[in-house]
Amino acid sequence: MQPRTLYDRIVDAHTVRRLDDRTGPGAEILLYVDRTVLNEYTSPQAFSGLRDKGRPVWRPAAALGVVDHVNPTAAARVAAMPDPGGARQVAYFSENCRDFGIELLDVLHPLQGIEHVVAPELGFVLPGMVIGAGDSHTTTYGALGALGFGIGTSDIEHYLATQTLVYRRQRTLRVNLDGTLPPGVTAKDMVMALIRRIGADGATGYAVEFAGTGITALSIEARMTICNMAVECGARGVVMAPDAAVIDYLRDKPRAPTGALWQAAAAHWLTLRSDPDAAFDREVRLAASEIEPMITWGTSPDQAGPIGGRVPDPQAEADSGRRRDMIRALAYMDLVPGATFAAIPIQRAFIGSCTNARLSDLREAAAVLRGRRIAEGVRGMVVPGSSSVRRAAEAEGLDRIFVAAGFEWRQSGCSLCLAMNDDVLAPGERCASSTNRNFEGRQGAGGRTHLMSPAMVAAAAVAGHLTDVRALGREA
Amino acid sequence: MQPFLRVTGPAVPLPGANIDTDVIMPKQFLKGIDRAGLGDGTFFDLRFTGSGEARADFVLNQPGWADARFLVVGPNFGCGSSREHAVWGLLQLGIRAIIGTSFAGIFADNAANNGLLLIGLPPEVLAEIQRVAADPDRNRLTIDLPAQVIIPQPGPEIPFPVPPLRKAALVRGLDAIGTTLDDAEAIRSFEAAHLAAHPWLA
Ligand code: SF4
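Line by line, the protein sequences are chains Y and S. If you count the first sequence from 1, position 471 lands on 535 in our numbering, and the numbers rise without skipping. If you count the second sequence from 1, position 33 lands on 80 in our numbering, and the numbers rise without skipping.
Careful, some of the hints might be misleading.
[Said to hold, decoys possible] Computed cross-link-like contacts, SDA-like style, restricted to lysine to any residue with a CA-CA straight-line distance of at most 20 angstroms:
hint: 1; chain 1: S; residue 1: 78; chain 2: Y; residue 2: 143
hint: 2; chain 1: Y; residue 1: 117; chain 2: S; residue 2: 49
hint: 3; chain 1: S; residue 1: 214; chain 2: Y; residue 2: 82
hint: 4; chain 1: Y; residue 1: 317; chain 2: Y; residue 2: 307
hint: 5; chain 1: S; residue 1: 78; chain 2: Y; residue 2: 109
hint: 6; chain 1: Y; residue 1: 317; chain 2: Y; residue 2: 456
hint: 7; chain 1: S; residue 1: 78; chain 2: Y; residue 2: 112
hint: 8; chain 1: S; residue 1: 78; chain 2: Y; residue 2: 148
hint: 9; chain 1: S; residue 1: 214; chain 2: S; residue 2: 225
hint: 10; chain 1: S; residue 1: 78; chain 2: Y; residue 2: 146
hint: 11; chain 1: Y; residue 1: 317; chain 2: S; residue 2: 248
hint: 12; chain 1: S; residue 1: 78; chain 2: Y; residue 2: 82
hint: 13; chain 1: Y; residue 1: 317; chain 2: Y; residue 2: 284
hint: 14; chain 1: S; residue 1: 78; chain 2: Y; residue 2: 509
hint: 15; chain 1: Y; residue 1: 117; chain 2: S; residue 2: 248
[As the list claims (entries may be wrong)] Simulated DEER-style distance windows between Cβ atoms:
hint: 16; chain 1: Y; residue 1: 87; chain 2: S; residue 2: 50; range: 23 to 33 angstroms
hint: 17; chain 1: S; residue 1: 236; chain 2: Y; residue 2: 491; range: 51 to 61 angstroms
hint: 18; chain 1: Y; residue 1: 309; chain 2: S; residue 2: 243; range: 27 to 37 angstroms
hint: 19; chain 1: Y; residue 1: 86; chain 2: S; residue 2: 241; range: 21 to 31 angstroms
Everything labelled a hint here was simulated from the structure, so no lab data went into it. The beta-carbon is built from N, C-alpha and C at its ideal position, and this holds for glycine as well.
Work out the full structure, taking the sequences as your base and the hints as a guide.
Shown next as structure tokens:
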């Protein structure tokens, strides 16, 4: 047999049948999907479609429902949603999960959280799986050796009714990240550097495998940050070969297999890798040692640069389309060419989202904030990625560090990452944010988002403006 | 879904790379449990001011481009969030096809599942269509999917590629789930073997 990539191996192992006579990229197949995670805002019309046609859910136990996008994150948890739309979605979601036999983690559930944080911490995602789910950041699961990708509502319905998707094979892109990250530089900076390098459409049409010593040196949570945000350069699916660190991460997770089944599973998982001479359609190489703390200055995640830089000048951009996009972005962001990034003042600081609100992220931010106060005029919020993360952080006293520094210590949810609840930027407010999208209006109409690592958000909050966390130093 | 055969109407230029689904359908329109009312939300912040007035400078609010049927867009259109509301809203606004160079993956699948035709063309061909769309005297096009051609008036026909299965589904307005369920036996036997080989997934 021809040498195959890990992506090809997983897709082959899940092919129910071919739908055309092609074999390579672009071939259509009927793909078996092992599991999905559902949320309250992309699933309602899928369930309505099933109801209209009288179709059952093929395998209810293979789905998990989580309320995360619309719920408030105020410290006192209540079941009620503050707005009628959110209330209707949550009510319909719970009705659907009940009627179709799907497990639901609702707002008051002790395991509630952002779907991409909750599913791995439960052990619901296992290596070798295919997971298609109604949220683009489903790519997160690549960190565990599962092929994860986002789907729309029609495909959620298709999955629920058939356990399969009509799937188009992607081309393959391997991103090789070798070497060691400098101190103060994180996985977030790695993925932001990649997106800046290849562009917001750099991986469009590709499934991405991340490989190299720069990846294997990372914790599983840090790897999730990379796989999560890889969708911002268009990756239509992400995988990393599972290694001993993945096995360690999964051991004793509540839903992971146990006993003899665990032994068999773990042995199988360690065989999941690309064949040594497998050919990728494209390869990209980055040196981890050359990466610096990154920030975005524009309204697309590839409009980014190292914190030591300056706002670029559109007039220096040769491509007229890119020049027009830059001019528009700078007008929206209210920035002038040549200004140093480190002088950009902020009014809001947000530590949260499925990219960067796991325990290790909160630890990194707290390490910067310990013994410090956020600047006058800055409102800081910490929204843990899950209720479990929140409890674990409290158990080691991180909440007290955040509160002493002047941050709000909130309940879990998507929150200001997409501002579908009551956590919203006012027009013109500028936010240092550990999230994944700096799109126009993403955090609120007219709001201005600068993406960066949680430690960089903490440093910006203390300084009152964007700043290099390495200059601030740490007191951990 | 509505079959796509031959559609005629104005094309609208919407240049700019990476127009994301947050811009196409802002979050305040994602609070429904059905598909109603999304036409109003489409490009909301571009079409309307904070106080709800139409922005005169936005192309869809200008007379030459009212009743648009086609968008002519920049690279990586539809990137970002998986929200299918973006596709539903575009269709409710009357858009039947989008012509560009590249489209984000989830958006492209959502479009295919709803009968919204996406046409990817080389940049130099797209540039010509951008010029046509920008001129309200010339911006009426016909798109013939069975023949796979864009017909400007006047001007030579422009052929475009479309994957055969997608074309068949669009032309016939197929229900993909019904078609897949015809394969239920194959899925069931695949599943039995798959779970037997990987019992920890059962
Ligand atoms: S945290 Fe943000 S990116 Fe992640 S699932 Fe929620 S809204 Fe989407």
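Evaluated hints:
1. With a C-alpha separation of about 17 angstroms, the suggested pair residue 78 of chain S and residue 143 of chain Y falls inside the 20 angstroms cut-off, and the hint holds.
2. Simply put, residue 117 of chain Y and residue 49 of chain S have alpha-carbon atoms about 18 angstroms apart, close enough for the 20 angstroms limit, and the pair holds.
3. Note on residue 214 of chain S and residue 82 of chain Y: the hinted pairing holds, with a Cα-Cα distance of about 17 angstroms set against a maximum of 20 angstroms.
4. Of the supplied pair hints, the one linking residue 317 of chain Y and residue 307 of chain Y holds, its CA atoms being roughly 16 angstroms apart against a limit of 20 angstroms.
5. With a C-alpha separation of about 12 angstroms, the suggested pairing of residue 78 of chain S with residue 109 of chain Y holds against the 20 angstroms cut-off.
6. At most 20 angstroms may separate the alpha-carbon atoms for a hinted pair to count; residue 317 of chain Y and residue 456 of chain Y meet this at roughly 15 angstroms.
7. Our distance criterion of 20 angstroms between C-alpha atoms is met by residue 78 of chain S and residue 112 of chain Y, whose separation comes to about 15 angstroms.
8. Using a Cα cut-off of 20 angstroms, the hinted pair residue 78 of chain S and residue 148 of chain Y holds, with the two alpha carbons roughly 9 angstroms apart.
9. As the CA atoms of residue 214 of chain S and residue 225 of chain S are separated by approximately 17 angstroms, the hinted pair is consistent with the 20 angstroms bound.
10. Between residue 78 of chain S and residue 146 of chain Y the alpha-carbon distance is near 12 angstroms, which keeps this suggested pair within the 20 angstroms criterion.
11. A distance of roughly 15 angstroms separates the Cα atoms of residue 317 of chain Y and residue 248 of chain S; the hinted pair therefore holds under the 20 angstroms criterion.
12. Taking the CA atoms of residue 78 of chain S and residue 82 of chain Y, the gap is about 37 angstroms. The hint is violated against a cut of 20 angstroms.
13. Between residue 317 of chain Y and residue 284 of chain Y the CA atoms are separated by roughly 14 angstroms; this keeps the pair inside 20 angstroms, and the hint holds.
14. Of the supplied pair hints, the one linking residue 78 of chain S and residue 509 of chain Y holds, its CA atoms being roughly 16 angstroms apart against a limit of 20 angstroms.
15. Restraint check: the Cα-Cα separation between residue 117 of chain Y and residue 248 of chain S comes to about 29 angstroms, which exceeds 20 angstroms; the hinted pair is violated.
16. Distance hint check for residue 87 of chain Y and residue 50 of chain S: the Cβ-Cβ separation is about 30 angstroms, which falls inside the suggested range of 23 to 33 angstroms.
17. Taking 51 to 61 angstroms as the suggested C-beta distance range, the pair residue 236 of chain S and residue 491 of chain Y conforms, at roughly 57 angstroms.
18. A hinted range of 27 to 37 angstroms for the beta carbons of residue 309 of chain Y and residue 243 of chain S is consistent with their spacing of about 29 angstroms.
19. Between residue 86 of chain Y and residue 241 of chain S the Cβ separation comes to about 23 angstroms, which falls inside the hinted range of 21 to 31 angstroms.
Figure legend: structure checked against the earlier numbered hints; hints not met, in rising order: 12, 15.
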